[in-house]
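Q: In numbering that gives the first Met the number 0, the protein residues as written are 0 to 1196.
Bear in mind the hints are in silico, worked out from the structure with no lab data behind them.
Since we're looking at a predicted model, the values are computed, not measured.
Please note: incorrect hints may appear among the correct ones.
As the list claims (entries may be wrong) - SDA-like, lysine to any residue: derived pairs with alpha carbons at most 25 Å apart: (1) K1010 - K1073; (2) K357 - E148; (3) K239 - P186.
Said to hold, decoys possible - Pairwise CB distance ranges (calculated): (4) G882 - T994: 32 to 40 Å; (5) Q1144 - Y628: 25 to 33 Å; (6) D1000 - A942: 38 to 46 Å; (7) G175 - R1176: 47 to 55 Å; (8) G450 - D630: 49 to 57 Å; (9) G177 - P267: 42 to 50 Å; (10) H966 - T997: 17 to 25 Å; (11) L1121 - T997: 35 to 43 Å; (12) Q263 - P505: 57 to 65 Å; (13) Q1144 - S661: 27 to 35 Å; (14) P984 - G882: 41 to 49 Å.
Note that the Cβ used here is the ideal one computed from N, Cα and C, for glycine as well.
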Amino acid sequence: MIQSAALLKDLKAQLKLVQADLRARADDQADRWGARLHEEYAEARKRERTGHSWVVWRDNEVDQAAVAWLIATTFVRFCEDNDLLNGARIIGQPVPIGWIAGPGDRTARAEENLTAYFRANPTHNRRDWLRQAFRVLAAQPAGKALVDEQHNPVWTADISAERASALIEFWRQTDGSGELVRDFTDPDLDTRFLGDLYQDLSDHARKTYALLQTPFFVEEFILDQTLTPALAEFGLNGIKLIDPTCGSGHFLLGAFQRLVDQWQTEAPALDAKERVRRAMDSIHGVDLNPFAIAIARFRLTVAGLLATGERSLVGVPNLGFHLAIGDSLLGEFGGAPEALQFEGEGAATYFYDGEDLKEYAGILKPGQYHVVVGNPPYITVKDKALNALYRMSYKTAAGKYALSAPFMELFFRLAVRGEQGQGAGFVGQITANSFMKREFGKKLVEEFFAGHHLGNPVDLSSVIDTSGAYIPGHGTPTVIIVGRRRRPVSDHVRAVLGVRGEPGQPNDPAYGLVWTEIAEHANDPGFVGTYVSVVDAERATFDVHPWSLTGGGAGAVMDLINGEAVARLSDRVFRIGFGCVIGSDDSFVMPRSFSERHGLGSSFRRLIVGDEVRDFSVDDDGEAAFYPYDDERAIRRIDSGSHELRWMWPQRDRLWRRPTFSKRTYRAEGRAWYEWHQFPKDVRAHKYVLGLAFVATHNHFTLDRSGAAVYNKTAPMIKLPATATDADHLGLLGVLSSSTACFWLRNMCLGKPLQGEEWQRRYEFDSTKLSQFPLPSILPAERGARLESLALELSSYSPKNVIDTAISEGAQDLRARLRDAERAWNQVRSRLVFEQEELDWQTYACYGLVDRDLTYSAAEHDSISLGQRAFEVLMARDVARGGESTAWFERHGSTAITELPKWPVSYRAVVEERMRVIESHPMVRLLERPEYKRRWMSSPWSARADAALRSAILDLLERPALWIDTHGPVARSVGELSDLVRAEPTLPMLLAAWTGDTEPDIGATLSALLKSEAVPYLAPLRLTESGVEKFRAWQQVWAEQRREDAGESLDVSSAPFYAKPDFRSADYWTWRGKLDMAKERFVLFPGLGREGDSSVVLGWAGWDHKEQALALAREFPMQDALGASNDLLSQMVAGLVELEPWLHQWHSEMDASFGVSPAEAISGVIDQQLGRLEATREEVTSWEPPAPTPGRRAKNS
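Hey, can you work out the whole structure from these sequences and the hints?
A: Here it is in structure tokens:
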């Protein structure tokens, strides 16, 4: 029996090899498959079936073909080992059995058959032999669809003869005892391993198609809610079920088994094959992914075979299921099946060769299915052309929609419509719950579910919150929707509401604590459990967006909070939302050191992102954004030849291609290519900004009085009117930072996947929901002021501030200063914790949640530590009594205590009263839970000090004076750099504090530090083969942009983004990112050396093209003297050739120090070195680094 995990791992390795083999053929238009792919792509672009670039589209086709070869050989191997093809014939003639391998003597028999085949077909190779095996499978009526000769790419995508041989050898591998490593023999013919292959074999397909298996217990539950009542209402004969997103067929397999069992019950005398045929005739499925359908067909074929009692596919007729490859959202007519009434040649959508949807006429006809079930993809659509087609076809495809919206519409449309005495079809699906809270879901909820799509009525039966359940593979929070296609027949909807999430990963997800309560009590209104509660909710509740599916008394608390509101936040503010939408952050956003390094300091502004907004302040570290505006926030002109232009120019065409709101491009609308997408001027708003974290576990707000920073979409901002006072800002800062606000926001906003305990779930605190926050009559402005003041004091003790002060004062006692700052920081933080706790209890009174003042007003006490808050003491006591364990204390570095500390009597009395209220008051008990209480989660002091010291050291090493001498820019070995800085007082002080050693080895320390701070100067040294291919595409773009600058009118090519596998090192990817933009501090010159010095040679990343070229050109005499090999010299010349176009673009003017322009000077060096090497520019440009020799370091020769 096959070991699924091992098979998956091995096939993933094979997939890479087959992909590489096929990719070359895909690009070769002389190859029949490559030529056909180019034809398909051109037609698909013309017919607007895709908007992807050729490279992206090609990679998907290559992936599909490579997977098809692996899956098809897997089918053959399964059939070989289980005798499923014994007695097979082709055109009436018997064929020898055995093609690839098998246990016992079957591998030898397969080799004998292969030898005989080659004697009969001397010009064929092992690829043809594998296709012979596929033909045998396809020749069986029950096997024809498994390797369909009309659509499966194994017939058109020719893998090489060498790869076919290697694939056969892979399947024939044996272990030490001579047994096959991969033996599929299984008396039960279990095909579950194919589900694992479907989901995880191809990383590309998993991301592209959002591949995800539906666990059997979820599938069974949904079929219980849909197929079971459908059979009761419509009967067995003629019942039709479809999964429009069937994947590898989990729902279809489950449905088939139920149907065949039901036929056994209702017609026991019926022939087994007829029972299977009738059951299969009810089964319909569609999927966009061809290999998903191939797997689903195979699994259903084997299931049908077992149900008939047969043990061979030979002689078994076509089983009769209906599974099609195609886009179910586009259907057979290029759009939602009943939405479009096209006629003529342009009516039908363009079908790819691998799709066969048009051969299953009517499979997506609306209103014909008694049961529609599935687990649709939740992803957003990256392909712009496809995105537009979906928008045209589905009313619910609005805003930044996820596919869950149009699929919801499609599922109901496919079901039988209940009217005029006709029963309505049943619909059930598990889908992402993002539509419940995100803006794109508003149309789905308030138009579709609310019944305003008159042609497609919806009767919601059940809404089941599964976000707290542990469902393997479903990282996205989910909800199960069950309904019927008819007008509502009741004023209520059964709602299973979440109370608590799964406390840990269960051994068996089918028996997880949350899922067990759902499965056992979904039909039990009034049930209140530990993890879910079940109610029959007013239907009108589900006609309004957003939805809240929180149980356990949360609804009553929300009603009370909303009832105390004298205003909504939107009533008091000028604007809530983004501070800016740049439109291409990768092009504009850089490390803060970048702008200083390149002389662009005044052109950048501090950019605040959500992860930096924590506990009333913003982190010291962060990035900056290129700021193309003047003081009036009007777009300014970038001067030609400026540092700004030279830095941004390589991205010009890509930035000009950005879409505007009118769906045109920046270029078409005449917008500056370097401007941001959106940047509100806010001329009537106050200068102050209330910033917040968009995604976080808890609510985080900060008051920024400078108004100088900009806030991106991950850190929305609240702007008050220009007339607002300090008290207005501080009052909002206070109330929005309270545990009450956290409770309200968590109930209103979208939760992310749960990873751990409920307090670890992150939420999207979006502006739309936040604007509706209810404000009480009294706001805690004084408390907000104290929290702001303490947060500012806390930041003054940050390691960065302490280090900066020490350097500016020329101090030598840095280690002592850091120790003192750590003590002060902890003291101030304890005061902040105290004030936050007072804020929480003060806010309870503001909303009427408590009927008396439970804050502490005396001056005797003003600080507490984490672990000492009332709810934490009660939680620790519960754990000590054997209650549910929690990671709260360990995760936050606090100590669980069961007795109150020795506080002043007055403060102790207040805390004891709070504890009594928590235990006796259900509403306060709900609010005083970890998921609503501030976590005070921060990086350890030691880690922040380490990062600040490291940054300060690197800043000093970037001083321009270190990278120039009397002859100009100069590269330095780490050894040379160490000698230069050794005598300076500041760097040894920083190194001593960083290492903890009073006399650190400067050379060794800098070598370790700089290892990850430099990126190689030459593309093939930093990029893999796939990355170099993309780099050449970018070079083509730059060449075309230069032609454009020269006055030529042309359509500039588009270049692909880079990905992590395109880089030779994870560090290089971290620095460069998807645009390969140089953000690193230093340039690495691999292979260059110094006499008697084995350390690496570096340059400064702050050099411009001229300076880097001059520094590299200076290395030729030095490396010659060290006996540099031709390979190293070729590499160096290639580096100059890469720089040459930039030199002619930016440095072509006469330079008196050279007597010619720098461009001409460097071109002369290139020509000279090429003459020595007897090589051309093209030859050195194609230079590739030699493969490393295991166990040995490359040496200069």
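Q: Run the structure past the numbered hints and jot down the numbers of the failing ones, going up.
A: 3, 4, 6, 10, 12 and 14
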